[in-house]
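Please construct the entire structure, taking both the sequences and the accompanying hints into account.
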Amino acid sequence: MQGCRGAGVQGCRGAGVPQEQGSVESSIISTEIYLELRELSIRTIRERIAARTLSAVELCRAALDRIERLSELNAFITVTADAALARAEQIDRAAASGDPLPPLAGAIIAIKDNMVISGVRTTAGSRILFNYKPPYTATAVERLRQAGAIVVGKTNCDEFAMGSSNENSAYGPVKNPWDAARVPGGSSGGSAVAVAAGMATAALGSDTGGSIRQPASLCGVVGIKPTYGRVSRYGLIAFGSSLDQIGPLANSVEDVARILNSIAGRDSSDSTSSDIETDDYVAALEGDARGLRVGVPRQYYGEGLDPEVRAHIEAAIKKFEEMGAEIVDVGLPHTEYAVPVYYLIATAEASSNLARYDGVRYGFRAEEAPTLKEMYSRTRDQGFGAEVKRRIMLGTYALSAGYYDAYYGKAQKVRSLIESDFRNAFASCDVIATPTSPTPAFRLGEKTDDPLEMYLSDIYTITVNLAGVPGVSLPCGLSSEGLPIGIQLIGRHFDEARLLRAARNLERAIAFNSKPGAVENL
Amino acid sequence: MRENYEAVIGLEIHAQLKTDSKIFCGCSTRFGDEPDSNTCPVCLGLPGALPVLNSRVIEMATRAALALNLRVNRESIFSRKNYFYPDLPKGYQISQYDRPFSEHGWVEIPTSERNQSGHAVAWSMKQFRITRLHLEEDAGKSLHEGMPDSASKSYVDLNRSGVPLAEIVSEPDFRSSWEAYDYMQYLRRTLIYIGVCDGNMEEGSLRCDANVSVRLRGAERFGTKVELKNLNSFRFLQHALEYEIDRQIEAIEAGEKIVQETRLWNERESKTYCMRSKEEAHDYRYFPEPDLPPLMVSEEMIEELRAGMPELPEARRRRFMEEYGLAADDAAQLTDARPAADYFEAVTRASGNAKSAANWILNELARELKNTGTEIDRSPVTAEELASMIRMIDACTISGKMAKEVLADMYRSGRSAEEVVREMGGGQVSDEAEIRAIIDQAVAANPRQLEQYRAGKAALLGFFVGQVMKASEGRANPQVVNRLLKERLDNTEQGD
Chain A
1 MQGCRGAGVQ GCRGAGVPQE QGSVESSIIS TEIYLELREL SIRTIRERIA
51 ARTLSAVELC RAALDRIERL SELNAFITVT ADAALARAEQ IDRAAASGDP
101 LPPLAGAIIA IKDNMVISGV RTTAGSRILF NYKPPYTATA VERLRQAGAI
151 VVGKTNCDEF AMGSSNENSA YGPVKNPWDA ARVPGGSSGG SAVAVAAGMA
201 TAALGSDTGG SIRQPASLCG VVGIKPTYGR VSRYGLIAFG SSLDQIGPLA
251 NSVEDVARIL NSIAGRDSSD STSSDIETDD YVAALEGDAR GLRVGVPRQY
301 YGEGLDPEVR AHIEAAIKKF EEMGAEIVDV GLPHTEYAVP VYYLIATAEA
351 SSNLARYDGV RYGFRAEEAP TLKEMYSRTR DQGFGAEVKR RIMLGTYALS
401 AGYYDAYYGK AQKVRSLIES DFRNAFASCD VIATPTSPTP AFRLGEKTDD
451 PLEMYLSDIY TITVNLAGVP GVSLPCGLSS EGLPIGIQLI GRHFDEARLL
501 RAARNLERAI AFNSKPGAVE NL
Chain B
1 MRENYEAVIG LEIHAQLKTD SKIFCGCSTR FGDEPDSNTC PVCLGLPGAL
51 PVLNSRVIEM ATRAALALNL RVNRESIFSR KNYFYPDLPK GYQISQYDRP
101 FSEHGWVEIP TSERNQSGHA VAWSMKQFRI TRLHLEEDAG KSLHEGMPDS
151 ASKSYVDLNR SGVPLAEIVS EPDFRSSWEA YDYMQYLRRT LIYIGVCDGN
201 MEEGSLRCDA NVSVRLRGAE RFGTKVELKN LNSFRFLQHA LEYEIDRQIE
251 AIEAGEKIVQ ETRLWNERES KTYCMRSKEE AHDYRYFPEP DLPPLMVSEE
301 MIEELRAGMP ELPEARRRRF MEEYGLAADD AAQLTDARPA ADYFEAVTRA
351 SGNAKSAANW ILNELARELK NTGTEIDRSP VTAEELASMI RMIDACTISG
401 KMAKEVLADM YRSGRSAEEV VREMGGGQVS DEAEIRAIID QAVAANPRQL
451 EQYRAGKAAL LGFFVGQVMK ASEGRANPQV VNRLLKERLD NTEQGD
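Here the protein sequences line up with chains A and B, keeping their order. Just so it is clear: in the first sequence, position 513 is 513 by my numbering, and no numbers are missing. Just so it is clear: in the second sequence, position 17 is 17 by my numbering, and no numbers are missing.
Treat the hints as calculated values from the structure; they're not laboratory data. Among these hints, one or two may not hold up.
As the list claims (entries may be wrong) - Below, in silico cross-link-like pairs of lysine to aspartate or glutamate (EDC-like), each with a Cα-Cα straight-line distance of 16 Å or less:
hint: 1; chain 1: B; residue 1: K225; chain 2: B; residue 2: E256
hint: 2; chain 1: B; residue 1: K18; chain 2: B; residue 2: D198
hint: 3; chain 1: A; residue 1: K373; chain 2: B; residue 2: E280
hint: 4; chain 1: A; residue 1: K389; chain 2: A; residue 2: D449
hint: 5; chain 1: B; residue 1: K153; chain 2: A; residue 2: E367
hint: 6; chain 1: B; residue 1: K401; chain 2: B; residue 2: E473
hint: 7; chain 1: B; residue 1: K486; chain 2: B; residue 2: D440
hint: 8; chain 1: B; residue 1: K153; chain 2: A; residue 2: E368
hint: 9; chain 1: A; residue 1: K373; chain 2: B; residue 2: D87
hint: 10; chain 1: B; residue 1: K271; chain 2: B; residue 2: E261
hint: 11; chain 1: B; residue 1: K141; chain 2: B; residue 2: E202
hint: 12; chain 1: B; residue 1: K271; chain 2: B; residue 2: E242
Now the structure itself:
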């Protein structure tokens, strides 16, 4: 299937759909199955496979077919069709012999291309890893597999997860299925699009400053960044190690909770993973919102917030009130420093994390350099894109002798103030409600020339990473242009259970059920 | 000219901790395996891999810190030291920077200048302060030579990447190359003693860098320091320091300024060379390692390890002198390595004769061990057997002269002292009747000498002792022979 990328749709059909089907017919079938993919919850998939009313292979073929047909969205960098079908067959065999099926049996999952899978090319969206095949598998991916998930491929993302629009990928930008002229958000844009456009049941993304929640918001899906330390980072290609966290994107809060159940928990390979007990996040969804205290931080509703977005968020908060929740004003007074603090800490860590891409052992190496130093600098010059280089330089500067205290050292201090902001706020509320992104999806190319403008699109999400608390984005309506708008709910450290229950109640109250239309015209 | 100056030296010693696995992953630390065979995603620095601290490292580092009187910090943090080099797979080394594992230590050790022939002039006790001991991972090894295509290519072996190191930084307390030498010797002996480092300098288990400056005697301020690298044997260390001290003094005398730089010792040419100037020095951009939580060491753990610490060589040396009355040199030799000291104490315990135990171990046994290239803890003569041989000497069952043969036999055959002596004919003869009979024969066989003796030539007693010993094949107890022979020769009443 990998060899088919870029080839005509017809030429690739053989991998998924019986040959004798004509293109018109098969497109009807795939539309039908597309609808199923978006509407089949993880629980339903497992139940129907167990009941033999759905075959995992059939579902997997539909997903592969859909990925192929929507290749223009550029959501995937690598499709692992053969391995996925083999896994699907295993699940069907297990179902046929009446074996109990694992919790995610048959769920089609896409993995952001910054998580390693043994033997599968992993690029992190960078040229510098264009040929890199890791010899081991990330813990989170391994846990999904153990839970019966079918990994269908590796999704496109901003290079080394650095970006908010998915325009920084060496493999081309990803397009938003709601409007193919717009960005899907980033950096987990491919993962968000895979879910939104029905190419996968769910996806894993990673979130350093909003990279799960912001694309989830811009693509109209649900995405959670768990508490720092809740999901193992082992096998996640590091960007900002003290901020990075893996999390799921899916069509519903329930599916997100179900995946979190499988991937959360202590991993002895990641010293920063927590041994605090995990909850049953699916069971935790039961219960209403009465008595829930929803904090609204005034700092998040000021300048730069699109009025339409504001209106939708306020309407969503109103729904909370109608459900019997208590709305409380909270302050997060150090929010204004979040962007500079984030861009010092994340870039400092990145400058060190990306030092290993030097052309010596794996990946891209510039040819014919006369000296070692030249080999390093040409490799990194040609291997990294502009945004990555910009951040490496920023981070290197922030850590330099004589500047450390003024930049990195100071940023760490302000980071702890931001953390205490959240502790203080959570003294009077259970969850905090904010916009996820100041605007709906913007146009491709709209902000590429203005990095600062681009950085500000993360303004509501980065504080959450700085504080290490969990945050979830879920759709709360469409803009007048028909673009999805997301609301972010933030919870206490390791309080994903309560956070997801709040999200589930809001999801039910909003009943968002619009589908991206643009894809059907591709 | 040189007398007007004083050298100021500080040492940075990297000691490889003797763990089975690496500091942040489970790979083996074995030396000499096929290149890259002891590697995994973590020590290869592959994308996405994360470090997990090996708890054995904390244990060994704590023991080392305790031995050097360092204060172990309850909480220390790992930092990243960033620089590019092909044998550094992550582009940074995980080390410790502003909150190291332990600080504020010292040692008090004997040190002495040496004369032309390398002999100690006068030992005296001196205290040297130790700034810190911190933990870090080793890098891989670059191979620039020895491959068929070495002219055009360099190779990297990552087996050593991630091997645990303790970096031990001293204060600038050494005033001569021999002080530095004696300190390094002491450090090596101590680390081996407590079982945290094998001290093998050829394999790089112990490596040394030095900071050297000179100043006019009596001056308060330090001179500009030069860092010396590649001092990976005791000889290199001492030679390089001497060379560098001379070089700096000569430069100052010639009116030149010392430049702050890093110099490399070249043993073949007996010179130091500039490796990089201060301007070329790296900015390592240290910052706290976000992949590892702070390293916590509890009071209980420290106390538990303290309780399990063996007696250290210096204390043991002093005790051997006081408790067993050993000479300073013997005590020093016996405490140089723990197995010899343990062996000595076992022999002493079982024989009750410390001086004799020391003599036999340091002379006869040492020679046998050396000839066969055997370590004392693998000696074919066990401490118990050596002790039983010493008891036989003390009971006059065998003579000291016989004992040498007995020990040689024991060493060769691995048999017990008793067995060897029995086979040799039962050991020393002290039975007076038996000895008298031999004396009678000897006297009867040498009437002329008897006459001369009785005429006043007393020195002939020795002749008769010799005859008796010869006739008894050396087994007669010489004291008994002496006494009885004197009686016999002086007794003219006997019918001779």
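Here is what the structure says about each hint:
1. A distance of roughly 14 Å separates the Cα atoms of B:K225 and B:E256; the hinted pair therefore holds under the 16 Å criterion.
2. Using a Cα cut-off of 16 Å, the hinted pair B:K18 and B:D198 holds, with the two alpha carbons roughly 7 Å apart.
3. Distance restraint check for A:K373 and B:E280: the Cα-Cα separation of roughly 14 Å lies within the 16 Å cut-off, and the hinted pair is therefore satisfied.
4. Under the criterion of a C-alpha separation no larger than 16 Å, the hint pairing A:K389 with A:D449 is consistent with the structure, at around 15 Å.
5. Under the criterion of a C-alpha separation no larger than 16 Å, the hint pairing B:K153 with A:E367 is consistent with the structure, at around 14 Å.
6. Proximity of B:K401 to B:E473 is assessed by CA-CA distance (about 12 Å); at most 16 Å being required, the pair is judged to hold.
7. In summary, the hint linking B:K486 to B:D440 is supported, as the alpha carbons are separated by about 12 Å, within the 16 Å threshold.
8. Restraint check: the Cα-Cα separation between B:K153 and A:E368 comes to about 13 Å, which is no more than 16 Å; the hinted pair holds.
9. Proposed proximity of A:K373 and B:D87 is supported: the alpha carbons are some 14 Å apart, at most 16 Å.
10. Between B:K271 and B:E261 the CA atoms are separated by roughly 15 Å; this keeps the pair inside 16 Å, and the hint holds.
11. Distance check on the hinted pair: B:K141 and B:E202 sit about 14 Å apart at the alpha-carbon level, within 16 Å; holds.
12. Taking the CA atoms of B:K271 and B:E242, the gap is about 10 Å. The hint holds against a cut of 16 Å.
Violated hints for the displayed structure: none, as all numbered hints are satisfied.
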